[in-house]
Amino acid sequence: MTSNPQSIMASSRPLSTWDRINPARYIGELSETRFWMYLLLLPSALLIMGVVIYPTLYGFQLSFREMRLNRPDLGTDWVLLKHYQRMLSDQIFWISLRNTAVWVTAAVTIEFSVGLIAALALNRNLPGTKVLAVFILLPFFLPNVVAGHMWALMLDPRLGVINDLLVKVGLLGGYKAWFADPSTAMAAAIIVEAWHSFPFFTLLLLAGLKGIPTDLYKAADIDGAGSISQLRLITLPMLKTVIAAAVILRVIGLVNSPDLLLILTSGGPGRSTQVLSLYAFQTAYKDFNFGYAGALSVIMFILLMMFAWVYVRLSKVNQD
Amino acid sequence: MAVARSRSKLVLDIGSYVVLIFLAFICIAPIVWTFLTSIKLEEDIVTRNMIYIPTRITFEHYVNLWNQSGYPVLVVNSLITTSVTVLICMLTGTIAAYSFSRFHFRGRTQLMLAYLIVRMFPAVLMIVPLFIVMRQVGLLDSSIGLAIAYTSFLLPLFVWMLKGFFDAAPKELESAARIDGTTRLGAMFRIVIPIARNGLLATAVFVGIAAWNEYLFALMLTTSQGSRTWPVGLQLMVGEFQLPWGMLAAGGIISILPVIVLFAFVQRAMVAGITAGAVKG
Amino acid sequence: MATLSIKGVRKSFGSVEVLHNIDLELEDGGFLVLLGPSGCGKSTLLSIIAGLEPSSGGDVVIGERTVNDIHPKDRNIAMVFQSYALYPTMSVRRNIGFGLEMRRVDTSSREDAIGRAADLLQISHLLDRKPGQLSGGQRQRVAMGRAIVRNPDLFLFDEPLSNLDAKLRVEMRTEIKRLHDRLGTSVVYVTHDQVEAMTLGTKVAVMKGGVIQQLADPQTIYEQPANMFVAGFIGSPTMNFLNGTLENQDGKLVLHHGEETLELSGVAKGASAYVGKKVVAGIRPETFSKGAGPSALTGIVDVVEPTGPDTMVVLDVGGQMISARLGSRERPHPGEPMTLSVDTTALNLFDPETGDRI
Ligand SMILES: Nc1ncnc2c1ncn2[C@@H]1O[C@H](COP(=O)(O)OP(=O)(O)OP(=O)(O)O)[C@@H](O)[C@H]1O
Ligand SMILES: [Mg+2]
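Residue numbers (full-length UniProt numbering), protein chains in the order written: chain A, 1 to 320; chain B, 1 to 281; chain C, 1 to 358.
The reader is advised that the hints may include incorrect statements.
Taking lysine to any residue pairs in the SDA-like style, the calculated list, with each CA pair at most 20 Å apart, reads [to be verified]:
{"no.": "1", "chain 1": "B", "residue 1": "Lys171", "chain 2": "C", "residue 2": "Ser15"}
{"no.": "2", "chain 1": "A", "residue 1": "Lys130", "chain 2": "B", "residue 2": "Gly107"}
{"no.": "3", "chain 1": "A", "residue 1": "Lys168", "chain 2": "B", "residue 2": "Tyr17"}
{"no.": "4", "chain 1": "A", "residue 1": "Lys130", "chain 2": "B", "residue 2": "Tyr17"}
{"no.": "5", "chain 1": "A", "residue 1": "Lys176", "chain 2": "B", "residue 2": "Ile260"}
{"no.": "6", "chain 1": "A", "residue 1": "Lys240", "chain 2": "A", "residue 2": "Pro213"}
{"no.": "7", "chain 1": "A", "residue 1": "Lys218", "chain 2": "B", "residue 2": "Val266"}
{"no.": "8", "chain 1": "B", "residue 1": "Lys171", "chain 2": "A", "residue 2": "Arg34"}
{"no.": "9", "chain 1": "A", "residue 1": "Lys130", "chain 2": "B", "residue 2": "Ile260"}
Computed from the model, here is a short list of chain C residues facing chain B with C-beta under 8 Å [said to hold, decoys possible]:
{"no.": "10", "residue": "Gly8"}
{"no.": "11", "residue": "Leu52"}
{"no.": "12", "residue": "Pro54"}
{"no.": "13", "residue": "Val67"}
{"no.": "14", "residue": "Met79"}
{"no.": "15", "residue": "Phe81"}
{"no.": "16", "residue": "Ser83"}
{"no.": "17", "residue": "Tyr87"}
{"no.": "18", "residue": "Ser91"}
{"no.": "19", "residue": "Gly99"}
{"no.": "20", "residue": "Met102"}
{"no.": "21", "residue": "Phe229"}
It should be emphasised that the hints constitute simulated quantities derived from the structure, not laboratory data. Glycine included, every Cβ here is placed at the ideal spot set by N, Cα and C.
Build out the structure end to end from the sequences listed, making use of the hints.
Next up, the structure:
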């Protein structure tokens, strides 16, 4: 090349005053140091400490104290295990625990099954299914409040369209108050929840399916394995980690957030849809009994951790 | 054999279409029905004979909602809270995701796991102390306070999702940029973030939608019209007995409209990001 | 342009040391090839020279400067990556000019430099495209353009040709050689292709397990490999290793291998110390020729592979397979006996214990 190095370097502009005081220059220098990665993490870590770790620890210690906003006369003394002892004899706690088990098990089962079917169908990449995929994924992005109201409207005892359809096809004698009947309230709520969240499984399982090499299926075809055995022998085993991750995330969501039930039934009628998270929230929000609400949450957290641990263990064992 | 296989393939194809069309119908039917309800006259909503396709159309529910119930204020509050949440996540989360994606340092895996595990903490366990703390520092019942509370579950999500997008940009690009004369900071802003900009947009939209939709924290941490968000406001419209279905439907449709539009826009990138973050974790 | 010297460089990842005490010298304008099997630490060494990774010890000196604590951007080096690492959001023009842009070279001289580099590499017509719209060979050229435009003191290449198809690779190899001849800038070039190493390098460093096995010019590496690893790594088909015992017969050194006896003349002086001991003789396939002689091996033809210009023959000599490169006229049949004579001046002896050349 004919150009000489000096000609280019000489035309470099010298540093201006602004360059010298420019803060970006100092941060740039900082970025070449060994602790740059920690500096990048610092703001988010501090924030998470502040809004997650600290409140959680605070909540944990609250569970050992008296703390009722509407009863300042009781003070905020340490009460050791009082709240936990009360739980043992608290009927509502035990009902909530049972309801939580029903709610989570039923919802995850339905969501996983429907989600898997949808993912398998979408993964065939048939023409036109891209648009259907958008529709199918949409419910997951809708607010709980609106999802709840849409279904409450459709299941309304006086003007619900589902009631009308069921009566018209003869499955139902007359309009039914689904959420007001203790025998159907939980089932109806689970349907709404499943509608809202099955796309979550579709989303994750679809991604997992895309990661399975198609050669495996070709090989299985040549070996003469049918669709069912391919599903059982290739697809599900290959999806194991995705399934485990999806189930755990969904269970966490279902156990921790009372939103949908709060909107649909507030735990009623009676206690038929009372779950732990809802009970804890109402204890805090309605009774302002923060100590007891904290204790309920701690128990919830411990149960979740135990579940996650056992579940991960089991799915690892199956893998070997 | 070949015939049998192609026939079973055909059966599966038809089955797939049936399943997908049925599910798509189930998924959008409630939305369509809510929309239809929102444009029906009041007497067509509450009627002996169900009216499926409205013959008379009205926008009075929308007008009433807008004029009477302070809905515009709720929407503005939600917008502020959502924007602040997204802003905080972008400012602190982008660099954190970058750090996790680019550097292998001691404690990285544990720290990333910690960012994941905080999602296991029950919302109620955090809400109560947040309520107490926010009250102490005067952030209770404010949009900023609510947005900060939202980062408790949205920031970890943001970091995980965005990390997946950053991972997709080869590390060598940064090496090349650093040799070409940038610092690590420059390489991050000039090279890596521009490459991941679609992912960043999708992640921000996802977090934005989640903040826009949130109900529980808002219910607990806002108490007045000044900072209340629309989900709480909409829920408060539900009276004890007579439900204002037309207005509720109108409110629901207005509120999910931006969600649907945004979702349609960034759907593909967002789906990729969610799955990248979740599957790798 | 500058010299490069590396003094006692070490690198550990956690508790694993992947580079042990590396010493290298490269003269101004030289072309150093780092050659070695996958995972031996070539890229790591290159990253340390570039400053992308801190070393765990030792010095890197470019020209007169010890650059240990100098940022990559200030080392005035350029690097071409195996994946090319072109910035996907920028046009080819901006890709090539990015280094100058960061050094605040003004627009007109930048454009000049980009134009010259593009002309040199024949990519002027591609300047306004994005990297995504280029073929593999074109990307490779852009990556080179980005490196040469800055007139660096030192070029670093990390397996720049390994993503190209065979034909293009040969073309680009010639191109790189031409560029180096023209620019005269010092180069450190990583590859595990020995042909690249032999054709391009003025110096070749063969590495294994984070240790430099031999640093020499290509000719020496080929003809006098420092040990059996280097000998086996260089050359295709690989060198034959014949086990045997060294003996003194009538004042001449001979090698006994089973029934066979090879008369050794012109072998290294140190060999006499090994009389009566086991040694390994390294014989390149092309040093065989058909016919008997004082040093000859007789065996049964096992496989015959005509390659066009040559015929490769695998001979079973008392159970040990020996490959020989013979003229294309030779067409022995498998199963036939055959005698090959060896040019012992090109033969190397190795100590079977240490593997080092005698
Ligand atoms: N960031 C890292 N952390 C831990 N070990 C690493 C890291 N980078 C490289 N290594 C290890 O260092 C050794 C040398 O790696 P390097 O990439 O330098 O090999 P290489 O000679 O370039 O191989 P290749 O020819 O395959 O590119 C390898 O064993 C590798 O596993
Ligand atoms: Mg390498």
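Q. Is the straight-line distance between the alpha-carbon of Lys171(B) and that of Ser15(C) 20 Å or less?
A. violated, 23 Å
Q. CA of Lys171(B) to CA of Arg34(A), is that 20 Å or under?
A. holds, 17 Å
**Q.** Interface hint status, Gly8(C) versus chain B (Cβ within 8 Å)
**A.** Hint on Gly8(C): violated, closest Cβ of chain B at ~24 Å, above 8 Å.
Q) Does Ser83(C) meet its interface restraint, that is, does its C-beta lie within less than 8 Å of any C-beta in chain B? A) holds, 6 Å
Q.
Next pair to validate is Lys168(A) with Tyr17(B); report whether the Cα-Cα distance is within 20 Å.
A. violated, 27 Å
Q. Keeping to a limit of 20 Å between CA atoms, is the pair of Lys130(A) and Gly107(B) held or broken?
A. Not OK: Lys130(A) and Gly107(B) at ~41 Å, beyond 20 Å, violated.
(Q) Does Leu52(C) hold up as a contact with chain B if the rule is Cβ-Cβ below 8 Å? (A) With a closest approach of 5 Å, the Leu52(C) hint holds.
Q: Decide if the proposed pair is consistent with the structure: Lys130(A) and Tyr17(B), CA atoms, cutoff 20 Å inclusive.
A: holds, 12 Å
Q. Does the alpha-carbon distance linking Lys240(A) and Pro213(A) stay inside the 20 Å limit?
A. holds, 15 Å
Q: Mind checking the CB of Phe229(C) against every CB in chain B and telling me if the closest is under 8 Å?
A: This interface hint is violated because 29 Å lies over the 8 Å limit.
Q: Hold the hint about Val67(C) up to the distance rule: shortest CB distance to chain B must be less than 8 Å.
A: violated, 13 Å
Q | chain B contact restraint for Phe81(C) - C-beta distance below 8 Å | A | Nearest chain B Cβ about 5 Å off; hint holds.
This entry does not satisfy hints 1, 2, 3, 5, 7, 10, 12, 13, 18 and 21, going by the numbered hints stated previously.
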